[in-house]
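> Here is how the chains run, residue by residue.
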Amino acid sequence: MDVGPRLKAWKPRSNHQMVVCIHHSTDFEVHRNWLAITHSLPISQWYYEATSEWTLDYPPFFAWFEYILSHVAKYFDQEMLNVRNLNYSSSRTLLFQRFSVIFMDVLFVYAVHECCKCIDGKKVGKELTEKPKFILSVLLLWNFGLLIVDHIHFQYNGFLFGLMLLSIARLFQKRHMEGAFFFAVLLHFKHIYLYVAPAYGVYLLRSYCFTANKPDGSIRWNSFSFVRVISLGLVVFLVSALSLGPFLALNQLPQVFSRLFPFKRGLCHAYWAPNFWALYNALDKVLSVIGLKLKFLDPNNIPKASMTSGLVQQFQHTVLPSVTPLTTLICTLIAILPSIFCLWFKPQGPRGFLRCLTLCALSSFMFGWHVHEKAILLAILPMSLLSVQKAGDASIFLILTTTGHYSLFPLLFTAPELPIKILLMLLFTIYSISSLKTLFRKEKPLFNWMETFYLLGLGPLEVCCEFVFPFTSWKVKYPFLPLLLTSVYCAVGITYAWFKLYVSVLIDPPVGKTKKQ
Amino acid sequence: MEKWYLMTIVVLIGLTVRWTVSLNSYSGAGKPPMFGDYEAQRHWQEITFNLPVKQWYFNSSDNNLQYWGLDYPPLTAYHSLLCAYVAKFINPDWIALHTSRGYESQAHKLFMRTTVLIADLLIYIPAVVLYCCSLKDISTKKKIANVLCILLYPGLILIDYGHFQYNSVSLGFALWGVLGVSCDWDLLGSLAFCLAINYKQMELYHSLPFFCFLLGKCFKKGLKGKGFVLLVKLACTVVASFVLCWLPFFTEREQTLQVLRRLFPVDRGLFEDKVANIWCSFNVFLKIRDILPRHIQLIMSFCFTFLSLLPACIRLTLQPSSKGFRLTLVSCALSFFLFSFQVHEKSILLVSLPVCLVLSEIPFMSTWFLLVSTFSLLPLLLKDELLMPSVVTTMAFFIACVTSFSIFEKTSEEELQLKSFSISVRKYLPCFTFLSRMIQYLFLISVITMVLLTLMTVTLDPPQKLPDLFSVLVCFVSCLNFLFFLVYFNIIIMWDSKSGRNQKKIS
Numbered sequence: 001m002d003v004g005p006r007l008k009a010w011k012p013r014s015n016h017q018m019v020v021c022i023h024h025s026t027d028f029e030v031h032r033n034w035l036a037i038t039h040s041l042p043i044s045q046w047y048y049e050a051t052s053e054w055t056l057d058y059p060p061f062f063a064w065f066e067y068i069l070s071h072v073a074k075y076f077d078q079e080m081l082n083v084r085n086l087n088y089s090s091s092r093t094l095l096f097q098r099f100s101v102i103f104m105d106v107l108f109v110y111a112v113h114e115c116c117k118c119i120d121g122k123k124v125g126k127e128l129t130e131k132p133k134f135i136l137s138v139l140l141l142w143n144f145g146l147l148i149v150d151h152i153h154f155q156y157n158g159f160l161f162g163l164m165l166l167s168i169a170r171l172f173q174k175r176h177m178e179g180a181f182f183f184a185v186l187l188h189f190k191h192i193y194l195y196v197a198p199a200y201g202v203y204l205l206r207s208y209c210f211t212a213n214k215p216d217g218s219i220r221w222n223s224f225s226f227v228r229v230i231s232l233g234l235v236v237f238l239v240s241a242l243s244l245g246p247f248l249a250l251n252q253l254p255q256v257f258s259r260l261f262p263f264k265r266g267l268c269h270a271y272w273a274p275n276f277w278a279l280y281n282a283l284d285k286v287l288s289v290i291g292l293k294l295k296f297l298d299p300n301n302i303p304k305a306s307m308t309s310g311l312v313q314q315f316q317h318t319v320l321p322s323v324t325p326l327t328t329l330i331c332t333l334i335a336i337l338p339s340i341f342c343l344w345f346k347p348q349g350p351r352g353f354l355r356c357l358t359l360c361a362l363s364s365f366m367f368g369w370h371v372h373e374k375a376i377l378l379a380i381l382p383m384s385l386l387s388v389q390k391a392g393d394a395s396i397f398l399i400l401t402t403t404g405h406y407s408l409f410p411l412l413f414t415a416p417e418l419p420i421k422i423l424l425m426l427l428f429t430i431y432s433i434s435s436l437k438t439l440f441r442k443e444k445p446l447f448n449w450m451e452t453f454y455l456l457g458l459g460p461l462e463v464c465c466e467f468v469f470p471f472t473s474w475k476v477k478y479p480f481l482p483l484l485l486t487s488v489y490c491a492v493g494i495t496y497a498w499f500k501l502y503v504s505v506l507i508d509p510p511v512g513k514t515k516k517q
Numbered sequence: 001m002e003k004w005y006l007m008t009i010v011v012l013i014g015l016t017v018r019w020t021v022s023l024n025s026y027s028g029a030g031k032p033p034m035f036g037d038y039e040a041q042r043h044w045q046e047i048t049f050n051l052p053v054k055q056w057y058f059n060s061s062d063n064n065l066q067y068w069g070l071d072y073p074p075l076t077a078y079h080s081l082l083c084a085y086v087a088k089f090i091n092p093d094w095i096a097l098h099t100s101r102g103y104e105s106q107a108h109k110l111f112m113r114t115t116v117l118i119a120d121l122l123i124y125i126p127a128v129v130l131y132c133c134s135l136k137d138i139s140t141k142k143k144i145a146n147v148l149c150i151l152l153y154p155g156l157i158l159i160d161y162g163h164f165q166y167n168s169v170s171l172g173f174a175l176w177g178v179l180g181v182s183c184d185w186d187l188l189g190s191l192a193f194c195l196a197i198n199y200k201q202m203e204l205y206h207s208l209p210f211f212c213f214l215l216g217k218c219f220k221k222g223l224k225g226k227g228f229v230l231l232v233k234l235a236c237t238v239v240a241s242f243v244l245c246w247l248p249f250f251t252e253r254e255q256t257l258q259v260l261r262r263l264f265p266v267d268r269g270l271f272e273d274k275v276a277n278i279w280c281s282f283n284v285f286l287k288i289r290d291i292l293p294r295h296i297q298l299i300m301s302f303c304f305t306f307l308s309l310l311p312a313c314i315r316l317t318l319q320p321s322s323k324g325f326r327l328t329l330v331s332c333a334l335s336f337f338l339f340s341f342q343v344h345e346k347s348i349l350l351v352s353l354p355v356c357l358v359l360s361e362i363p364f365m366s367t368w369f370l371l372v373s374t375f376s377l378l379p380l381l382l383k384d385e386l387l388m389p390s391v392v393t394t395m396a397f398f399i400a401c402v403t404s405f406s407i408f409e410k411t412s413e414e415e416l417q418l419k420s421f422s423i424s425v426r427k428y429l430p431c432f433t434f435l436s437r438m439i440q441y442l443f444l445i446s447v448i449t450m451v452l453l454t455l456m457t458v459t460l461d462p463p464q465k466l467p468d469l470f471s472v473l474v475c476f477v478s479c480l481n482f483l484f485f486l487v488y489f490n491i492i493i494m495w496d497s498k499s500g501r502n503q504k505k506i507s
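Which chain is which? The protein sequence lines are Y and B, in order. Numbering of the first sequence is given in this note's numbering, commencing with residue 1 and proceeding in unit increments. Numbering of the second sequence is given in this note's numbering, commencing with residue 1 and proceeding in unit increments.
Treat the hints with care, since some could be wrong.
Straight-line distance between alpha carbons at most 30 angstroms, and here's what the computed DSSO-like set of lysine-lysine pairs gives [stated by the list, open to error]:
#, chain 1, residue 1, chain 2, residue 2
1, Y, LYS390, B, LYS3
2, B, LYS323, B, LYS142
3, B, LYS141, Y, LYS442
4, B, LYS141, Y, LYS117
5, B, LYS226, Y, LYS133
6, Y, LYS475, B, LYS109
7, B, LYS410, Y, LYS442
8, B, LYS142, Y, LYS117
9, Y, LYS437, B, LYS88
10, Y, LYS437, B, LYS142
11, B, LYS88, Y, LYS475
12, B, LYS136, B, LYS226
13, B, LYS143, Y, LYS442
14, Y, LYS117, Y, LYS346
15, B, LYS383, Y, LYS74
16, Y, LYS477, B, LYS88
17, Y, LYS437, B, LYS141
18, B, LYS141, Y, LYS390
19, Y, LYS133, B, LYS141
20, Y, LYS133, B, LYS410
21, B, LYS3, Y, LYS442
22, B, LYS141, Y, LYS444
Taking CB as the label site, the calculated pair distances span [what the hints assert, rightly or not]:
#, chain 1, residue 1, chain 2, residue 2, range
23, Y, TYR75, B, ASN64, 44 to 50 angstroms
24, B, LYS3, Y, PHE413, 32 to 38 angstroms
25, Y, MET177, B, THR411, 57 to 63 angstroms
26, B, SER134, Y, TYR75, 52 to 58 angstroms
27, Y, VAL463, B, GLU409, 44 to 50 angstroms
28, Y, PHE257, B, VAL451, 48 to 54 angstroms
29, B, HIS344, Y, ARG92, 32 to 38 angstroms
30, B, MET388, Y, PHE413, 55 to 61 angstroms
31, Y, PHE413, B, LEU260, 48 to 54 angstroms
32, B, LEU204, Y, VAL463, 41 to 47 angstroms
33, Y, GLY459, B, ARG261, 48 to 54 angstroms
34, B, MET388, Y, ILE230, 49 to 55 angstroms
35, B, CYS431, Y, TYR75, 23 to 29 angstroms
The set of hints was computed from the structure by calculation and includes no laboratory data. We put the CB at the ideal spot given by N, CA and C, even for glycine.
Whole structure, please, built from the sequences with the hints as guidance.
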């Protein structure tokens, strides 16, 4: 009997195989290079190799993953494993890489399955398509952002998010050790998940190491369990040892870290991720234009480099103070702190943890240094779990996800991909809005008029940027204008969603009596 | 969820699948000197734009009929002209006379694929949506599931968006015709169907059922009164639509004759290439194409075709019903496909469309047929390097049908509409109770054979002495399946109306 819903949710994935035949992005070359490095060079060379500009900048577990993949790759095309073959691409290489992503997605499907088990659905309707579990599985499996980034743009986020969702599911199922283990492993696959590590740390400390609470929900200090702390520490230590041990033995740790955390790059990517700094940059530009017009500024003092020209450069702001990596770190920490405090002082079990995790991810996105717009997925996917359970979360989720997904549009810029990205975006947006609206139809409407207007405004924005703009004369004078408009418009939406989520977390009353865990 | 949301989502899914398939290769890609159907369509844009109407169908120094000469009726030519105007606006090199031969580029491919998508969106997809909404006695959810399954039918997607053709235009017009005639808008329906015939002459496969159904309606209304009026009106509509489409070609007798010669090449032989019909399969054992003279072949195929479709058409004329009409469309088109002259494998789409229309009534057999019809296109799809899209779309279609209609639970005699037939047989053979079990086994055998043959064709090389072995095997197996379906659909038609008459007698 259960086959039906699983089949229905699984069906969409089969379409991924058809997008195999589209053009490829630089990420193909990146991963091909890493396959070559791990296959042909000894471990001691992995983090020193620099023949290609795409050096290995993920933690060791990912390097081992590429190493295992390379042993399968040699049956497809031996040539791709040669480090000297820069920009090598053949149809078999592409086929292998695409299929490896699809194959690794199995882990993602399993993780979604586990997450759906954790959702206790409200008995809204008897229909399969109206059950929260079904809606959640479609929202996760058919996630537009993940589809675009993994299968068209090419990355391995599917199974990485699978690991994260699996660890979240384990925490929901009170299997904390497994959750901690999966997260530790995940950190050593891709260190971007450090953004959400504070949430994990504080939650495990507060709700796992302190085994009981006082009746009013505050902490009971004498219920601290040393055993649990030590076992958690042991798990994390062992995983880290497994990952970094070989490089420690080779005295290469500084080199590894310098590869993992390159701070030479600029505040923003060539295309500004729609975060706070995008608004900051835009404000700076506007002020400088006004300043020039009103003769407050001297034209000779303004740096000539444009912030959104193709290469990623260091640049300075003209009117507002420049931003350093340290500033962004401090801003991020300040942004994370209230949610961490909430998690500590008002524990609400796994759901509270999930909200804190989403806030950590979103705050890091908002204030981080050199954030890539793909990082919005880090906030969108966990939030999907929250969206099917509360109407308030659903409305925040919809705003976040629609603007976040729209901000990924510039990643696909060729003409054949245009209909695909529009169709898929429409599909996901219409489905998510209509299914969540139906799920929460008994409560007040999900959007107020302002939010509706904002979301509808995405349509004309897309038409202007992709269809009208290329035919105007501004294309030559201001080629970066569509990117800037997209970035700023989405930044408004994402900031609004972040703010609303924060408010709802802060003013939520704590859970009354928590059982001894 | 609100129903129109669901419908939008289903249509968007259909469009996404179509565009994703269109990113693959097309027929004749990078294969000079002749290329394929894609080049043919581009060439027709070139011809219709640069030459005056009088020269479109004639051989001349500017228009070499051997290089993809126009062999579809005038409406295709007008459509190509329209596309050519748009092409001229974007890039005149695409349709420059003579110099644009074999033009291939990413931008041009995008343009051509977009023309197919727009034609589909304007004509075929609305017809499907409206048709499913007009179905009676089923829930809204089932109607939407029906739209999904019809839109996911792999054959049409792969031929139109992969191989490259405009079948969705002619099939869409035919569907509008079916819709109109079933809803008693006979004039509009027949106008739409005339447009379909004037787009592709293969739609004549569907003409007999239309004719019989409308004639039956006229008879029912009484030939002395309303029926006669309807008959006259219909005749006028048909004649007027033909005249309108063929107007530039009716000015001279030679023009009309030449167009007819291009549309019906009777001197080409019983069949060309490998196609899953009787003559090609028979040819494996006995080379009838070489033994018999041309006119004998013509007469033979004519006789067989009409003998096989006569019973169903007579039934339809005497008892016109919407359901009977659709089933007769299936059996007529299938008879034509199996026995007619110069049939191409793509003509199976003319049978698939009516089968899609009865999907909600006989889900099991329809799904089976549609899978076989896609399988029969395998040699063509492999030539165009469309293996992966065809496998994926077939799987998606199969899963959609299984989950929407629970086809494996609908294999009882009653569900297969064979109840009255098996009751009649049991009068003579009391032990004939195994019909539904037998059909399930046949399905299993058929699917296993198709999967095995696909795997063999893809992985193995054919032996040196028989280079066409796999395509011939595919055609042969498909032909056997189609014969079975011909018998099945004819049984349903005959026994369904028989039970209807018996019930009338009793009551």
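> Confirm or reject each hint.
Hint-by-hint comparison with the structure:
1. For the hint linking LYS390(Y) to LYS3(B), the alpha-carbon distance of about 24 angstroms falls within 30 angstroms, and the restraint holds.
2. For the proposed pair LYS323(B) and LYS142(B), the alpha carbon gap of about 18 angstroms is at most 30 angstroms, so the pair holds.
3. With a C-alpha separation of about 22 angstroms, the suggested pairing of LYS141(B) with LYS442(Y) holds against the 30 angstroms cut-off.
4. Restraint check: the Cα-Cα separation between LYS141(B) and LYS117(Y) comes to about 26 angstroms, which is no more than 30 angstroms; the hinted pair holds.
5. With a C-alpha separation of about 58 angstroms, the suggested pair LYS226(B) and LYS133(Y) falls outside the 30 angstroms cut-off, and the hint is violated.
6. Annotation: proposed proximity of LYS475(Y) to LYS109(B) holds, straight-line Cα distance about 25 angstroms (limit 30 angstroms).
7. Using a Cα cut-off of 30 angstroms, the hinted pair LYS410(B) and LYS442(Y) is violated, with the two alpha carbons roughly 37 angstroms apart.
8. Distance hint between LYS142(B) and LYS117(Y) is fulfilled; the C-alpha atoms sit about 28 angstroms from each other, no more than 30 angstroms.
9. For the hint pairing LYS437(Y) with LYS88(B), the CA-to-CA distance comes to about 47 angstroms; that exceeds 30 angstroms, so the pair is violated.
10. With a CA separation close to 22 angstroms, the supplied pair LYS437(Y) and LYS142(B) stays within the 30 angstroms bound.
11. Pair hint LYS88(B) plus LYS475(Y) holds up; C-alpha atoms about 24 angstroms apart against a cutoff of 30 angstroms.
12. Restraint check for LYS136(B) and LYS226(B): the C-alpha separation of about 27 angstroms stays at or below 30 angstroms, so the hint holds.
13. Restraint check: the Cα-Cα separation between LYS143(B) and LYS442(Y) comes to about 27 angstroms, which is no more than 30 angstroms; the hinted pair holds.
14. Between the alpha carbons of LYS117(Y) and LYS346(Y) the distance comes to roughly 25 angstroms, so the proposed pair stays at or under 30 angstroms and holds.
15. With a CA separation close to 28 angstroms, the supplied pair LYS383(B) and LYS74(Y) stays within the 30 angstroms bound.
16. As the CA atoms of LYS477(Y) and LYS88(B) are separated by approximately 28 angstroms, the hinted pair is consistent with the 30 angstroms bound.
17. Proposed proximity of LYS437(Y) and LYS141(B) is supported: the alpha carbons are some 18 angstroms apart, at most 30 angstroms.
18. For the proposed pair LYS141(B) and LYS390(Y), the alpha carbon gap of about 27 angstroms is at most 30 angstroms, so the pair holds.
19. For a cut-off of 30 angstroms, the pair hint linking LYS133(Y) to LYS141(B) stands: about 20 angstroms separates their Cα positions.
20. At most 30 angstroms may separate the alpha-carbon atoms for a hinted pair to count; LYS133(Y) and LYS410(B) meet this at roughly 28 angstroms.
21. With a CA separation close to 18 angstroms, the supplied pair LYS3(B) and LYS442(Y) stays within the 30 angstroms bound.
22. With a C-alpha separation of about 26 angstroms, the suggested pairing of LYS141(B) with LYS444(Y) holds against the 30 angstroms cut-off.
23. Between TYR75(Y) and ASN64(B) the CB atoms are about 48 angstroms apart, so this pair conforms to the stated range of 44 to 50 angstroms.
24. The hint said 32 to 38 angstroms for the Cβ distance between LYS3(B) and PHE413(Y), and at roughly 36 angstroms that hint holds.
25. As the Cβ distance of MET177(Y) to THR411(B) is approximately 50 angstroms, the hint placing it in 57 to 63 angstroms is violated.
26. As the Cβ distance of SER134(B) to TYR75(Y) is approximately 54 angstroms, the hint placing it in 52 to 58 angstroms holds.
27. Checked against the hint of 44 to 50 angstroms, the C-beta distance between VAL463(Y) and GLU409(B) comes to roughly 47 angstroms, which is consistent with it.
28. For the pair PHE257(Y) and VAL451(B), the supplied restraint of 48 to 54 angstroms holds, since their beta-carbon distance comes to about 53 angstroms.
29. In this structure the hint that HIS344(B) and ARG92(Y) lie 32 to 38 angstroms apart at CB holds, the actual value being about 34 angstroms.
30. Checking the proposed 55 to 61 angstroms range against MET388(B) and PHE413(Y) shows it is violated: the Cβ atoms sit about 25 angstroms from each other.
31. Separation of PHE413(Y) from LEU260(B) is about 50 angstroms and conforms to the stated range, judged on CB atoms against 48 to 54 angstroms.
32. A beta carbon spacing of about 43 angstroms between LEU204(B) and VAL463(Y) agrees with the range 41 to 47 angstroms that was offered as a hint.
33. Taking 48 to 54 angstroms as the suggested C-beta distance range, the pair GLY459(Y) and ARG261(B) conforms, at roughly 52 angstroms.
34. As the Cβ distance of MET388(B) to ILE230(Y) is approximately 52 angstroms, the hint placing it in 49 to 55 angstroms holds.
35. Take CYS431(B) and TYR75(Y): their Cβ atoms lie about 56 angstroms apart, and the range 23 to 29 angstroms is violated.
When each numbered hint is compared with the structure, violations occur for hints 5, 7, 9, 25, 30, 35.
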